[in-house]
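Chains as they are written, first to last, in our numbering: chain A, 1 to 562; chain B, 563 to 728.
Hints are computed from structural coordinates only; laboratory data are not their basis.
Watch out, some of these pointers could steer you wrong.
For lysine-lysine, the following BS3-like pairs were computed, each having C-alpha atoms within a straight-line distance of at most 25 Å [what the hints assert, rightly or not]:
#, chain 1, residue 1, chain 2, residue 2
1, B, Lys624, A, Lys295
2, B, Lys692, A, Lys308
3, B, Lys634, A, Lys141
4, A, Lys182, B, Lys692
5, B, Lys628, A, Lys65
6, B, Lys634, A, Lys182
7, A, Lys517, A, Lys529
8, A, Lys363, A, Lys203
9, A, Lys382, A, Lys363
10, A, Lys558, A, Lys203
11, B, Lys652, B, Lys628
12, A, Lys141, B, Lys628
13, A, Lys182, B, Lys673
14, B, Lys652, A, Lys182
15, A, Lys295, B, Lys701
16, A, Lys321, A, Lys363
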Amino acid sequence: MKMNGAKIFVESLKKEGVDTIFGYPGGVVLYIYDELYRSDIRHILVRHEQGAAHMADGYARATGKVGVCLVTSGPGATNTVTGLATAYMDSIPIVVFTGQVSTNLVGNDAFQEADIVGITRSCTKHNFLIKNVRDMARTIKEAFYLARTGRPGPVVVDIPKDITIDSAEFSYPDSIELPGYKPTYEGNMNQIKRAIDMILVSKKPVIYTGGGIISSGASKELLTFAGLLKAPVTNTLMGLGGFPGEHPQFLGMLGMHGTYAANMAVTHTDMLVAIGARFDDRVTGDINEFAPEAKIVHIDIDPTSISKNVEVDVPIVGNAKSILGEMNKLLKQDRRLKEFNREIEDWKMLIAQWKESHPLTYKEGGKLKPQFVIEQIYELTKGNAVITTEVGQNQMWTAQFYKFSKPRTFVTSGGLGTMGYGFPAAIGAKVALPEATVIDIAGDGSIQMNIQELATAVQYKINVVVAILNNNYLGMVRQWQSLFYGKRYSHTDMSHKPDFVKLADAYGARGYTVDTKKDVVPVMKDALKSKLPVLIDFRVEEEEDVYPMVPSGASLKKMLLA
Amino acid sequence: MRHTISLTVENQFGVLARVAGLFSGRGYNIESLSVAETLDPSVSKMTIVTSGDDKIIEQIIKQLNKLINSIKVVDLTVTDHVEREMVLIKVSASGESRTEVLRLVDIFRGKIVDVSPDTFVIELTGDEEKISAVLNLLKPLGVKDIVRTGKVAMQRTIQHDGKGDK
Numbered sequence: 001m002k003m004n005g006a007k008i009f010v011e012s013l014k015k016e017g018v019d020t021i022f023g024y025p026g027g028v029v030l031y032i033y034d035e036l037y038r039s040d041i042r043h044i045l046v047r048h049e050q051g052a053a054h055m056a057d058g059y060a061r062a063t064g065k066v067g068v069c070l071v072t073s074g075p076g077a078t079n080t081v082t083g084l085a086t087a088y089m090d091s092i093p094i095v096v097f098t099g100q101v102s103t104n105l106v107g108n109d110a111f112q113e114a115d116i117v118g119i120t121r122s123c124t125k126h127n128f129l130i131k132n133v134r135d136m137a138r139t140i141k142e143a144f145y146l147a148r149t150g151r152p153g154p155v156v157v158d159i160p161k162d163i164t165i166d167s168a169e170f171s172y173p174d175s176i177e178l179p180g181y182k183p184t185y186e187g188n189m190n191q192i193k194r195a196i197d198m199i200l201v202s203k204k205p206v207i208y209t210g211g212g213i214i215s216s217g218a219s220k221e222l223l224t225f226a227g228l229l230k231a232p233v234t235n236t237l238m239g240l241g242g243f244p245g246e247h248p249q250f251l252g253m254l255g256m257h258g259t260y261a262a263n264m265a266v267t268h269t270d271m272l273v274a275i276g277a278r279f280d281d282r283v284t285g286d287i288n289e290f291a292p293e294a295k296i297v298h299i300d301i302d303p304t305s306i307s308k309n310v311e312v313d314v315p316i317v318g319n320a321k322s323i324l325g326e327m328n329k330l331l332k333q334d335r336r337l338k339e340f341n342r343e344i345e346d347w348k349m350l351i352a353q354w355k356e357s358h359p360l361t362y363k364e365g366g367k368l369k370p371q372f373v374i375e376q377i378y379e380l381t382k383g384n385a386v387i388t389t390e391v392g393q394n395q396m397w398t399a400q401f402y403k404f405s406k407p408r409t410f411v412t413s414g415g416l417g418t419m420g421y422g423f424p425a426a427i428g429a430k431v432a433l434p435e436a437t438v439i440d441i442a443g444d445g446s447i448q449m450n451i452q453e454l455a456t457a458v459q460y461k462i463n464v465v466v467a468i469l470n471n472n473y474l475g476m477v478r479q480w481q482s483l484f485y486g487k488r489y490s491h492t493d494m495s496h497k498p499d500f501v502k503l504a505d506a507y508g509a510r511g512y513t514v515d516t517k518k519d520v521v522p523v524m525k526d527a528l529k530s531k532l533p534v535l536i537d538f539r540v541e542e543e544e545d546v547y548p549m550v551p552s553g554a555s556l557k558k559m560l561l562a
Numbered sequence: 563m564r565h566t567i568s569l570t571v572e573n574q575f576g577v578l579a580r581v582a583g584l585f586s587g588r589g590y591n592i593e594s595l596s597v598a599e600t601l602d603p604s605v606s607k608m609t610i611v612t613s614g615d616d617k618i619i620e621q622i623i624k625q626l627n628k629l630i631n632s633i634k635v636v637d638l639t640v641t642d643h644v645e646r647e648m649v650l651i652k653v654s655a656s657g658e659s660r661t662e663v664l665r666l667v668d669i670f671r672g673k674i675v676d677v678s679p680d681t682f683v684i685e686l687t688g689d690e691e692k693i694s695a696v697l698n699l700l701k702p703l704g705v706k707d708i709v710r711t712g713k714v715a716m717q718r719t720i721q722h723d724g725k726g727d728k
């Protein structure tokens, strides 16, 4: 059937099973919006395009489905760049459709023109400019395919206005032809066997896992793998929720704000099994002193992640779920396993001592403690909630004190560290999972970066709870200034800010202030019952620091403990 | 160490920018790059000369492979291959030096492609050593300008001697 580009666009999205678009209209996407007016695809009208990109991202992280975003050309498109870079760093599948000026105007510095394909080339997995309406359906198919397969990531599709008006025959392609794109899923069996041989002769193994466990859906396989080896497990920030937070083999997060036990374990291990993690500088600290005595097995779907930061002994390229599945099959039949389990007992004793001597903790007394607030949120939800965060102290305390037990329940900007991410991401997650409890743990600085989305949340009755850990500072930067810059708090004072309760009220949401320990639980309970979005202003200890802390670039064993 | 990489890509607009952006964004360096269509007009071939230690070269090759539009990446340095470069040289040539230039061009199997009363433009093809040898010989005579294409390179076909692969 012949139809115009706008109609082809909407029909193609339907073929991809898209149920929700986060978007903002404008001049060059009017034909598409006219088509959406007649369509039953849900459109969430955001208040800023950055919000739309983060919502699509939150939607994707909470479900594993591709998040979709639609914006106009020029500033509409450039406003999504932070969202794209955020999704790119954390390998999150989103497709952002940007309007573009008509093809005859491209390159003319036309009104609201921006070279978004050029601008986003380095922060997308791939991007497209559609130059002919006949390419529309195929390009959309390729965009979704690229976003969700291999190492997932964001894709931009730039659509000039005239392409939405031109007509073509619509038929959605059945297959994909991308000669240069063939992601590897199955691990090489010889490498898998070599890895097992190496693991089974080790005495001090550690399993170190990241976001790849979440994106490949491998948490069950990981649990079996860890159960067979009986070896300790540590997670990166992106990996939290991939392994049960209350599991006795769990060491907590490693790295800059990782636990003492996790950092000591990777420092002294003789066998590091890295799965879907990329040896980021926030994880390794001084790379030369990271796991210095260890043999390393590295499982990752992206060959460029392997031997990028550290040399590995056995690389295995492929999907974590499938590779762990194979390893589990082999381990179950392996006669050496029992002996191995016995041999690592001393190591596990040592780790238990580290855990016991230096648990995550904080000093009681004084004003309300931010860690206490997070502990109470955990007690109230018991892991049955989607928790998003902003970036900074709020994020690190959440990673430490909320015991994530299921994948896709922790939504945070890991690689890029985007302030203003958590609130729109929470909205996106709640739109995807309307029955879920969704809480954004925020700081008083970060929440002001996308606070305008309160209007979106109120309009669509998206009842997320925002728990603001309000310490009147840009807390993490202040912490660094306190520790490394002689307490010179250069421009980190945030005490000048709106009254969050009045602000919530002005938007038509609900607001609470909490100053004392005893009010935390009742107010949270109230908030979780609310049909409206809620902002809670937790007035917490102003100069509380996040510990442990490995100073930037130092060895993991040089943790500051308090 | 220097490496010559042969990269087969889809012949689409923007692919060169993706390759160049990959190098600039990650701080790798490009010594020369040449690109043109192949027999199949939907495919182009690039020859990239770059340098770096083994770890950097490994990353460059993996990153090039990761580009959606790249079809094949071969590090020719580790295989038997032929490399050629073309250079155009504008050289002063008046009076006695005219015959000297012509002699050199003849020895190195170059060609004169433009003549004026006091200059020649020489076209010369060869590997890097040959081109720098010629340039060294011509410089005392007065080289006014040069333009080089950058290297193009191709893998050699494996020769059979009847006793199996060499």
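Results of checking the hints against the structure:
Taking the CA atoms of B/Lys624 and A/Lys295, the gap is about 23 Å. The hint holds against a cut of 25 Å. Taken as a hint, the B/Lys692 and A/Lys308 pair is broken in the structure, with Cα atoms around 37 Å apart against an allowance of 25 Å. Of the supplied pair hints, the one linking B/Lys634 and A/Lys141 holds, its CA atoms being roughly 23 Å apart against a limit of 25 Å. A distance of roughly 41 Å separates the Cα atoms of A/Lys182 and B/Lys692; the hinted pair therefore is violated under the 25 Å criterion.
The hinted pair formed by B/Lys628 and A/Lys65 meets the criterion: a straight-line CA distance of about 23 Å does not exceed 25 Å. A threshold of 25 Å between alpha carbons decides the hint, and for B/Lys634 with A/Lys182 the separation of about 12 Å falls inside it, so the pair holds. Restraint check for A/Lys517 and A/Lys529: satisfied, since their Cα atoms lie roughly 20 Å apart, inside the 25 Å limit. For the hint pairing A/Lys363 with A/Lys203, the CA-to-CA distance comes to about 36 Å; that exceeds 25 Å, so the pair is violated.
For the hint linking A/Lys382 to A/Lys363, the alpha-carbon distance of about 23 Å falls within 25 Å, and the restraint holds. Only pairs whose Cα atoms come within 25 Å are accepted, and A/Lys558 paired with A/Lys203 is accepted, the gap being roughly 24 Å. Restraint check: the Cα-Cα separation between B/Lys652 and B/Lys628 comes to about 41 Å, which exceeds 25 Å; the hinted pair is violated. This hinted pair checks out: A/Lys141 and B/Lys628 have alpha carbons roughly 19 Å apart, not beyond 25 Å.
A C-alpha spacing of about 46 Å is found between A/Lys182 and B/Lys673, which places the hinted pair above 25 Å, so the restraint is violated. For the hint linking B/Lys652 to A/Lys182, the alpha-carbon distance of about 48 Å lies beyond 25 Å, and the restraint is violated. With a C-alpha separation of about 56 Å, the suggested pair A/Lys295 and B/Lys701 falls outside the 25 Å cut-off, and the hint is violated. With a C-alpha separation of about 40 Å, the suggested pairing of A/Lys321 with A/Lys363 is violated against the 25 Å cut-off.
Comparing the model with each earlier hint shows violations of hints 2, 4, 8, 11, 13, 14, 15, 16; every other hint is respected.
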